[in-house]
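There are 2 protein chains.
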Amino acid sequence: MVRIADVAELAGVSKATASRALSGRDHVAEATRKRVVEAAESLQYAPSTAAVGLATGRTRRIGVLMPTVSRWFFSQVLEGVQAALVKHGLDLMLYCALPGTPARERIFRDFMRRKRMDGLIAIGIESSDPEWERLRQIDAPIVGVVGTTPGSSLVAIDDTHAAMRATEHLLALGHREVVFLGGEARDPGAANVHRDRFTGYTRAMTAAGLGASVRHVPAPSTVPGGYAAAVDALGSQDRPTGIVGVCDEVAIGAIIAARRLGLLVPGHVSVTGIDDHEYAEMFSLTTLSQKPRAQGRAAVDLLLARIEDPSLAPSTTSLKARLIVRSSTLALDASVAAPGTRDGSHGP
Amino acid sequence: MVRIADVAELAGVSKATASRALSGRDHVAEATRKRVVEAAESLQYAPSTAAVGLATGRTRRIGVLMPTVSRWFFSQVLEGVQAALVKHGLDLMLYCALPGTPARERIFRDFMRRKRMDGLIAIGIESSDPEWERLRQIDAPIVGVVGTTPGSSLVAIDDTHAAMRATEHLLALGHREVVFLGGEARDPGAANVHRDRFTGYTRAMTAAGLGASVRHVPAPSTVPGGYAAAVDALGSQDRPTGIVGVCDEVAIGAIIAARRLGLLVPGHVSVTGIDDHEYAEMFSLTTLSQKPRAQGRAAVDLLLARIEDPSLAPSTTSLKARLIVRSSTLALDASVAAPGTRDGSHGP
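Chain order of the listed sequences is A and B.
Residue numbering for the first sequence follows the UniProt record's numbering, beginning at 1 and increasing consecutively.
Residue numbering for the second sequence follows the UniProt record's numbering, beginning at 1 and increasing consecutively.
Heads up, some of the hints might be wrong.
Note: identical chains are not told apart, hence a pair may lie in one copy or across any two.
[To be verified] DSSO-like, lysine-lysine: derived pairs with alpha carbons at most 27 Å apart: (1) 34 to 115; (2) 320 to 291; (3) 87 to 115; (4) 87 to 15; (5) 87 to 291; (6) 15 to 34; (7) 34 to 87; (8) 320 to 87.
Everything labelled a hint here was simulated from the structure, so no lab data went into it.
Could you build the full structure based on these sequences and the hints that come with them?
This is how it looks when you write it as structure tokens:
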């Protein structure tokens with residue numbers, strides 16, 4: 001079996017330098033690193049991470065726990081986390097499981113143990129959730145992304161503020177019949193987020209004297225979810241002229257539904273989202289832009305700082321969502337009357 | 001420090017049984033497992049995976065290498081792999097990096113080493129790719145998903161056949177001007193897949209005596225990619241009446257583009273996909289259905305078999321794609337003339 005000493009000898013460096021160069025843990029001059037890696041490759045040296053772990057007490061692995069990878073926001077956060085961990089030479093252990101599934105239960109019961117990982121990034125686990133208590137027992141640093149996580153560091157946008165801005169944008173355009181579309185209690189990993197966004201919408205409506213017109217059409221926060229809910233909302237007698245989508249996927253579903261119903265966006269109905277999803281531009285969607293990849297990177301920074309210094313107080317990194325006005329929104333007095341509205345007039 | 005012997009004593013079982021119950025490696029009666037887990041929890045026992053690894057020579061970790069998690073197919077395969085690994089009590093180490101990025105280079109150089117993982121599932125690494133040679137050097141079992149992987153086991157659908165079936169469906173409806181939309185050489189992790197699908201389309205066209213009408217409009221295989229390419233193809237003088245999308249995302253982009261151009265789907269243009277994406281039903285998309293989650297599960301089965309018995313010959317699991325006819329396709333003689341077509345007539 002090839003040992004680190006053999007690699008060091010061939011590369012003409014000390015064992016400590018060879019070890020540092022291969023672990024990527026500390027700085028080694030690029031030329032030296034290259035020489036060591038070449039020596040290791042020519043000797044087919046495979047360092048035993050198990051042995052490294054026993055020696056240092058570190059696993060060099062970070063756990064990432066999330067409800068799903070198949071929604072845009074979650075996939076983007078994950079890719080941001082991955083990119084940052086690769087830079088630090090750390091492995092990413094993924095635990096992806098929808099709430100309420102046997103896999104979820106098994107992950108919490110069997111996998112969330114301290115010595116598997118040096119720290120955990122928990123995406124979409126909310127403070128009200130009893131699962132947080134179970135996570136605390138792993139006794140390793142945890143950083144949350146999305147939701148509220150007392151006692152742990154957190155990366156998030158101000159969801160209340162983002163939805164308030166989206167609603168205010170529609171109100172400033174003269175819209176009065178504005179519904180909040182999407183979000184429901186059983187949304188995996190985002191129930192608090194959706195509650196905060198609904199609060200932001202309600203605040204903006206109330207501040208404009210429209211508290212009595214507050215209206216929530218709940219739906220799964222997906223494109224098909226937004227589509228189905230919008231078919232109902234836009235097909236009803238009291239059709240709104242403005243829709244605040246809980247996220248871009250719901251807003252895009254609403255735009256697709258409107259077009260299928262023969263309604264113009266923004267001519268008959270104005271729609272806003274929150275995200276700046278990769279499809280937002282294609283649908284000319286006015287939205288509050290957030291950067292989930294940056295949230296993933298920020299979570300890694302917070303986590304590594306706490307691993308280095310466990311006495312560090314938990315902190316919150318609040319990222320700003322920025323309004324991007326595209327052409328899914330239009331001033332009410334520039335809008336055309338939709339077919340079948342209450343005044344009986346018909347659009348083009 | 002709490003040892004396994006303490007847990008065994010409290011649970012009233014042997015050390016071997018306690019170890020088996022906690023590792024999930026072998027069968028243990030459910031009542032026994034529960035007693036051991038409760039004992040471990042009350043003692044706050046955390047097994048050292050490093051020590052376990054040194055003792056058994058196994059890491060209990062499986063690597064998953066893929067170009068991206070933010071495309072539907074890849075995210076679904078990943079969730080299928082995750083669910084299967086959790087059942088076996090195995091950790092998933094994710095290596096997600098787009099080809100051509102520094103992260104990709106770093107992952108191949110520093111992370112693909114045998115003793116980090118017991119085996120690797122490589123999604124979207126193709127046989128022609130020099131990266132395959134580098135992967136072979138990790139000297140652990142590898143199973144591929146998507147593409148061709150000589151010397152390793154593979155899970156895939158027959159891409160040539162799937163595209164042939166989609167094209168034949170349009171030809172049987174009487175369409176003659178049928179283009180192939182999407183797919184290009186730089187598509188991350190799917191260039192061979194797209195080449196095979198184009199081959200299937202070409203074969204069906206040629207068999208119908210339409211070899212001279214073969215037409216490829218390349219585009220990134222995403223919804224916005226399909227949208228942009230379809231705007232070009234449908235806005236041109238020689239507008240096709242049928243579109244074979246390289247995948248559902250491209251086909252859906254084409255439907256969105258057609259509607260924006262004022263064309264009816266399927267009234268003016270028929271569109272097919274390959275996937276059965278979660279949006280397919282919302283767009284009434286006729287498609288060839290594949291089950292990427294099942295492909296992920298099958299990859300885990302193949303990999304674990306090879307880890308148990310490394311002498312096992314590589315095998316290929318070819319899954320069938322099934323035609324699902326929805327209403328994005330229509331017989332040519334039932335179609336309406338599109339506005340601005342060469343005969344000068346106008347649709348509704």
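Hints and how they fare:
Taking identical chains as interchangeable, the C-alpha atoms of residue 34 and residue 115 lie at most 27 Å apart only when they sit on different chains, with a minimum of 21 Å there against 31 Å within one chain. In this assembly of identical chains, the alpha carbons of residue 320 and residue 291 lie at most 27 Å apart only when taken from the same copy (9 Å versus 38 Å across copies). When the C-alpha separation of residue 87 and residue 115 is checked against a cutoff of 27 Å, the pair qualifies both within a copy, at 22 Å, and between copies, at 20 Å. Proximity of residue 87 and residue 15 under a CA criterion of 27 Å is satisfied intra-copy only: 23 Å inside one chain copy versus 40 Å between copies.
In this homomeric assembly, residue 87 and residue 291 come within 27 Å of each other (Cα to Cα) only inside a single copy, at 19 Å, whereas the closest approach across copies is 34 Å. For a Cα distance limit of 27 Å, the shortest separation of residue 15 from residue 34 inside one copy, 15 Å, qualifies, whereas the shortest one across copies, 46 Å, does not. Only within a single protomer do residue 34 and residue 87 lie at most 27 Å apart by alpha-carbon distance; the minimum there is 16 Å, versus 40 Å between protomers. When the C-alpha separation of residue 320 and residue 87 is checked against a cutoff of 27 Å, the pair qualifies only within one copy, where the shortest distance is 25 Å, while the shortest distance between copies is 40 Å.
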